[in-house]
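Asker: What follows is each chain in one-letter form.
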Amino acid sequence: MTSYLIKGVSVVGAAPTDLLVRDGVVAQTGSGLTAPDATVLDATGLVALPGLVDLHTHLREPGREDAETVESGSRAAALGGYTAVCAMANTSPVADTAGVVEQVWRLGREAGLVDVQPIGAVTVGLAGERLAELGAMADSAAQVRIFSDDGHCVADPRLMRRALEYVKAFDGIIAQHAEEPRLTEGAQMHEGEVSTRLGLTGWPAVAEEAIIARDVLLAEHVGSRLHVCHVSTAGSVEVLRQAKARGVRVTAEVTPHHLLLTDEVVSGRSELASPALANNWSPVAAYDPVYKVNPPLRTATDVAALRAALAEGVIDVVATDHAPHAVEDKECEWAYARPGMLGLETALSIALDVLGPEWDLIAERMSRTPARIAGLDGHGLDPAPGVPANLTLVDPAARRVVEPAELASRSRNTPYARMTLPGRIVATFLRGEPTVLDGKAVK
Amino acid sequence: MIRHLLSGADPDLATATQILDTAAEMATVAGREVKKLPALRGRTVVNLFYEDSTRTRISFEAAAKRLSADVINFSAKGSSVTKGESLKDTALTLQAMGADAVVVRHPASGAPHRLADWVDGSVVNAGDGTHEHPTQALLDAYTMRSRLGRLAGLHVAIVGDVLHSRVARSNVLLLSTLGAKVTLVGPPTLIPVDIAAALAPGTLVSYDLDAVLPNADVVMMLRVQRERMNDSYFPSAREYARRYGLDGPRMRRLPDHAIVMHPGPMNRGMEITPEVADSPRSTIVEQVANGVSVRMAVLYLLLGGNNL
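From first to last, the protein sequence lines stand for chains A and B. Under the numbering used here, residue 443 is the last one in the first sequence; the count climbs by one each step, no gaps. Under the numbering used here, residue 1308 is the last one in the second sequence; the count climbs by one each step, no gaps.
These aren't lab readings, by the way, just hints derived from the structure by calculation. Any given hint could be a false lead.
As the list claims (entries may be wrong) - Calculated cross-link-like contacts (lysine to aspartate or glutamate; reagent style DMTMM-like; alpha-carbon spacing at most 25 Å):
| no. | chain 1 | residue 1 | chain 2 | residue 2 |
| --- | --- | --- | --- | --- |
| 1 | A | Lys7 | A | Asp382 |
| 2 | B | Lys1088 | A | Asp329 |
| 3 | A | Lys244 | A | Glu180 |
| 4 | A | Lys168 | A | Asp377 |
| 5 | A | Lys443 | A | Glu102 |
| 6 | B | Lys1088 | A | Asp66 |
| 7 | A | Lys7 | A | Glu358 |
| 8 | B | Lys1181 | A | Glu193 |
| 9 | B | Lys1181 | B | Asp1012 |
| 10 | B | Lys1035 | B | Asp1070 |
| 11 | B | Lys1088 | A | Glu328 |
| 12 | A | Lys7 | A | Asp23 |
| 13 | B | Lys1088 | A | Asp42 |
| 14 | A | Lys440 | A | Asp395 |
| 15 | B | Lys1065 | B | Glu1051 |
| 16 | A | Lys440 | A | Asp23 |
| 17 | A | Lys244 | A | Asp171 |
| 18 | A | Lys244 | A | Glu364 |
| 19 | B | Lys1088 | A | Glu220 |
| 20 | B | Lys1065 | B | Asp1021 |
| 21 | B | Lys1088 | A | Asp382 |
| 22 | B | Lys1181 | B | Asp1021 |
| 23 | A | Lys168 | A | Glu220 |
| 24 | B | Lys1088 | A | Glu65 |
All of these numbers come straight from a predicted model, not from anything done at the bench.
Bound-form chain B, shown alone (with noise of 0.2 Å):
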């Protein structure tokens, strides 16, 4: 097993896999009356966020509690952070309060990779700046999987904002190990330069929306930031809903089979209608649900769980 899980390319298919199918037998684990498992029971997971994110940070907490691990929440506000606190003291800090894991969200970029240079326990990447969000990817994948029944072969649309995107890195990555196609969809001003070359070679990018929903057998609609829309990238929201929103006609020309996902929190109106959220073909709240049984098993992993 990986020591970290830093990025969506962590995991190589072997260990993926085994990811995805340590999450469905902790989803069994949802249904029982009492929640809970002895795994890391005396193990100390931080989550450490630096950023507001009450979904990702309720959805490992759950994971942890789960567990029966002890749970620190460390969050900036309020904390020595924001009394000008450097990572790697704060880093130093976590690791002399012996922490097994460390799960962080950070605004920055890589923050993830210099955590795990200074504390000995796992790092959890819980989404860091634009780069990456690898528990996402996998919760997508447990949830395309669930839903399809493969992932081999699949092919999934990833529309929107790919350039701001860490959903989107990250789903590139798990998904070209897992043998699913991807084709990333938006305008080129949202689209980051040699990102087949940077990601997964064979990854195809479009800028027509419609062109691609008939052959897909997943679109994944990404969250446009609301600061996006005052520095051209588009001209407008109600340009970016015509051309990239997925609304009930669109969503009529994929097959019948196809998924649609969503990482939430929406913007209902902008990238995707209420129809289409509201949908039997949506799968944005079972995604939440699958969030905390795969989160479960990446801790349950990295920590060195061997037996359920």
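Isolated chain A (complex conformation) (with noise of 0.2 Å):
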């Protein structure tokens, strides 16, 4: 095994120092460290972070292996500066036996970019009906912890307040997918005044809040961890402010395109929430489903209320819900288009601009945290001696111009096409082995 010495690396924002990584740890910091065996990386303007931990990543292995395989979802997570990834279950089958999440476990190993760990369905087939075996995956190789039928919301409430009960008896978390089905049925878009315009059925912000204040509730009368995915609404940041302050286990989540983009990209109208990226952002077509995402792109006080829920910490996680989507499910009508956003690669991008250079939040948000929730040991660490060198360096004063086709994702559905980007990853180690070194995938 390779060692590594990175050079003046200021770790989380603190003065510059030098780590070295040798089998697997951090073994050493400190300023003017020699190692004659080891690969000098000069990482002078670069900062170390722990590596990235991504709580909702659509991998589509197995069943869409057109739209993104483990390995491709893997290689985009490495680009991105993640050292693990939580895949969702809503895949083909659906990830709700031993035999499925093991599957996608076993994939993420021989990828070996990131550390993918599977969340397995709440639900038999995500059909809200009846529980799936939670404790058979519990118990699986692929340990499961995080249960989620992401993509549907486990609306019955019944079923979600047994479902939140089961799981403690593994330290299991529910992640629910907040979005009340009789509310939405044939939403297309933010319901407000753009949807008004432009004649697409609304998705009220209510639809959200009123699942995440009955969630909160039943976890809160049985004593259980819930997790909110996605959170898009200043409402629902309301509903957790309360909660948390009551001493409910909630946590949530927010996605890096929820903090920047706005239901006004719908109609053509380009107005970013970021004045930093404003600039760069050219006119788009009306009804592009790149920007068709669920929970759809809100309002810009939604978006307000989110980044000051993030900074404060009423939200806990940046999480990319990152979802490949095959070019036709794109390349069509509105309303057939599915709903999703590529992000892997540019989250740390967007939190940098929507945070600025608040490394330590940054970490707290997107790896820390994260990692805690999922019970992923060995990640969420800040490098430090005996450590496991599970960490990424990040060139803050890099500029980067996202281009679709140069993507590691086998799809092209970034929102963020041409705009250029703050931040570039230069570097990810995964367990002392470097997954991304210059910029590029070592494999």
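Dock the two chains into a complex; use the hints.
Answerer: Written as structure tokens, this is what we have:
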């Protein structure tokens, strides 16, 4: 195993130092380190972060290998600075048995670019009718701890209560896709001024807020852990704020796109929430399904509330909801397009834009907290002697233009095409082995 | 002139007026023995209909033929579309065939906007989902102007299922450009959120038809789709008709000069009674005739016609 001596790097924003990576761990830190056998990386100007951890990734395998595979998604993740991703269960077949979660886990090990931690379905076939064998998935080689029907809401309150209770036996957590299904029948975009103008059926904010309100009460009632996926509205933030103040064991994530984009982009009126990025936003066509996502892009008021909640900690985590889709599933009528957008390779740049170079906050929201929620030992730890060398090196001064064709993902549905984004991942290490060097995947 | 007609908001006041004036000239053709002009000879107009709409398709077909264009009807049924061909591939096919204009009717809102990205020719939106139907708004404006002599300052009440109505959206946008005032009337469940901010500031909303009628110059009744009846937008067809249907006594609350419009097809006895539909105030049959003239004007102007 090669050793690496990373020279002059700022660890989570601190004064420059050297890191010696050897035998899978950070062996030594401090100025002026020498190691004759080690490959030296000049990391002047770079920031070392604990490897990013994504709680919400769609890897599409098994079933839609044309859109993404565990390997291609892992490569995209490594290039984005991730060392672990949690793979959502809505594959085909659904990851609702020990067999499927073990398959995904094994494919992740074979790819060897990030730790792929499968998420198990809550209900059989994501149908919302009866519990999947949660215990079997927990006991499998994949050691599943997070369960989610993501893409679908566990809408039945009785089933949700039982799921929350049941997973306590193995310290599991239910990650809810909060969407009241009757309030979102046929929904195509955020319900508001833009949906009225475009004649698209609205997805009202209350459909998310009502489920979160119910679920925090259920979690409180049974004393279980609840995680809320992709929070998208100002009202949801308020519900979470109150629940946390009462001591409910709830955590929440927000996606990069909900921190940046508003529903106005669907109308082709390009209004980004970020003044820093607005300058390089080129006008887009109306009804371009690359902006179709679930939950939908919301208003500027919601974006502002989400940003504040993330900085404050009411929202705990940035999670990508990386959702690759084949070209034909996006190059069509809005109503027929699949919802979702790519995120792994651009998430850190968006976080940098939103949070600024607040490295400790970025490490907290994108690595330490998600690793803790997912129970991923060895991840989410700042580089220090004896700690597993899961880390990423960021060049905060670099700018990059997003070219869809150059992404490692098999799909091209990035909402940031041809935008110039701040920051660049220079290198990523998984247990001491580089997965990315010089901004390129090593395998 | 604009390149596509996708929205009632596309024509500015000068363009909208030009379309209506041109339509008036086209209308004189309908009175001739030979109802045909050579204006678009050698040009190809494709009617691309993903929804059944015999009325609109025939109207566009008649319009294109009276201008001597070659017309190709491409309906979704029994075509490559039912074999799973995507809108983009269909667009590229039409492009390869040299379509100068594509008239598209589609159940998905925004489909004509997508199409406009993929073809070089002009795209005319003949109704997309629950979004817009701009030529209907133009023919409605033409009908109002013909009957009432002006558009600026008119008060138009649009009554019914505004939420799902492409006719209402296009009318609000175009009438606002033309200086008319619009009040949208219907049960709160069928009025979309933030409608004035979304479409045209100054657009009013009322839930009380009787209160609006005495001040209306035009009442436009919208069709209520049967499928809304089982979806809790209102309790029953009879209750809807009682509260928002236009019957004889209600019609008599209108000023003497006011007209009654309906884009068709009507549900007689639901949103409009036969007494009203067949009254002298009703412009429903005129609207159909005006539709051909207005669509002739739109095709003629979009395809760069300069002299008649």
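Asker: Next step is simple, just say for each hint if it's right about the structure.
Answerer: Hints and how they fare:
Annotation: proposed proximity of lysine 7 of chain A to aspartate 382 of chain A holds, straight-line Cα distance about 17 Å (limit 25 Å). A C-alpha spacing of about 12 Å is found between lysine 1088 of chain B and aspartate 329 of chain A, which places the hinted pair at or below 25 Å, so the restraint holds. Straight-line distance between C-alpha atoms of lysine 244 of chain A and glutamate 180 of chain A comes to about 22 Å, which keeps the hinted pair within the 25 Å bound. Annotation: proposed proximity of lysine 168 of chain A to aspartate 377 of chain A holds, straight-line Cα distance about 19 Å (limit 25 Å).
A threshold of 25 Å between alpha carbons decides the hint, and for lysine 443 of chain A with glutamate 102 of chain A the separation of about 23 Å falls inside it, so the pair holds. For the hint pairing lysine 1088 of chain B with aspartate 66 of chain A, the CA-to-CA distance comes to about 20 Å; that is within 25 Å, so the pair holds. At most 25 Å may separate the alpha-carbon atoms for a hinted pair to count; lysine 7 of chain A and glutamate 358 of chain A meet this at roughly 22 Å. Simply put, lysine 1181 of chain B and glutamate 193 of chain A have alpha-carbon atoms about 20 Å apart, close enough for the 25 Å limit, and the pair holds.
At roughly 16 Å between alpha-carbon atoms, lysine 1181 of chain B and aspartate 1012 of chain B fall within 25 Å of each other, so this suggested pair holds. For the suggested pair lysine 1035 of chain B and aspartate 1070 of chain B, the alpha carbons sit about 16 Å apart, so the restraint of at most 25 Å is met. For the suggested pair lysine 1088 of chain B and glutamate 328 of chain A, the alpha carbons sit about 9 Å apart, so the restraint of at most 25 Å is met. Note on lysine 7 of chain A and aspartate 23 of chain A: the hinted pairing holds, with a Cα-Cα distance of about 18 Å set against a maximum of 25 Å.
As the CA atoms of lysine 1088 of chain B and aspartate 42 of chain A are separated by approximately 49 Å, the hinted pair breaks the 25 Å bound. For the given pair, lysine 440 of chain A sits about 14 Å from aspartate 395 of chain A by alpha-carbon distance, which is consistent with the 25 Å threshold. Distance restraint check for lysine 1065 of chain B and glutamate 1051 of chain B: the Cα-Cα separation of roughly 21 Å lies within the 25 Å cut-off, and the hinted pair is therefore satisfied. In summary, the hint linking lysine 440 of chain A to aspartate 23 of chain A is supported, as the alpha carbons are separated by about 22 Å, within the 25 Å threshold.
For a cut-off of 25 Å, the pair hint linking lysine 244 of chain A to aspartate 171 of chain A stands: about 19 Å separates their Cα positions. Pair hint lysine 244 of chain A plus glutamate 364 of chain A holds up; C-alpha atoms about 18 Å apart against a cutoff of 25 Å. Proximity of lysine 1088 of chain B to glutamate 220 of chain A is assessed by CA-CA distance (about 50 Å); at most 25 Å being required, the pair is judged violated. Taking the CA atoms of lysine 1065 of chain B and aspartate 1021 of chain B, the gap is near 20 Å; set against the 25 Å cutoff, the hint holds.
Taken as a hint, the lysine 1088 of chain B and aspartate 382 of chain A pair is broken in the structure, with Cα atoms around 49 Å apart against an allowance of 25 Å. A distance of roughly 21 Å separates the Cα atoms of lysine 1181 of chain B and aspartate 1021 of chain B; the hinted pair therefore holds under the 25 Å criterion. With a C-alpha separation of about 13 Å, the suggested pair lysine 168 of chain A and glutamate 220 of chain A falls inside the 25 Å cut-off, and the hint holds. Only pairs whose Cα atoms come within 25 Å are accepted, and lysine 1088 of chain B paired with glutamate 65 of chain A is accepted, the gap being roughly 23 Å.
The structure is inconsistent with the numbered hints 13, 19 and 21, although it conforms to all the rest.
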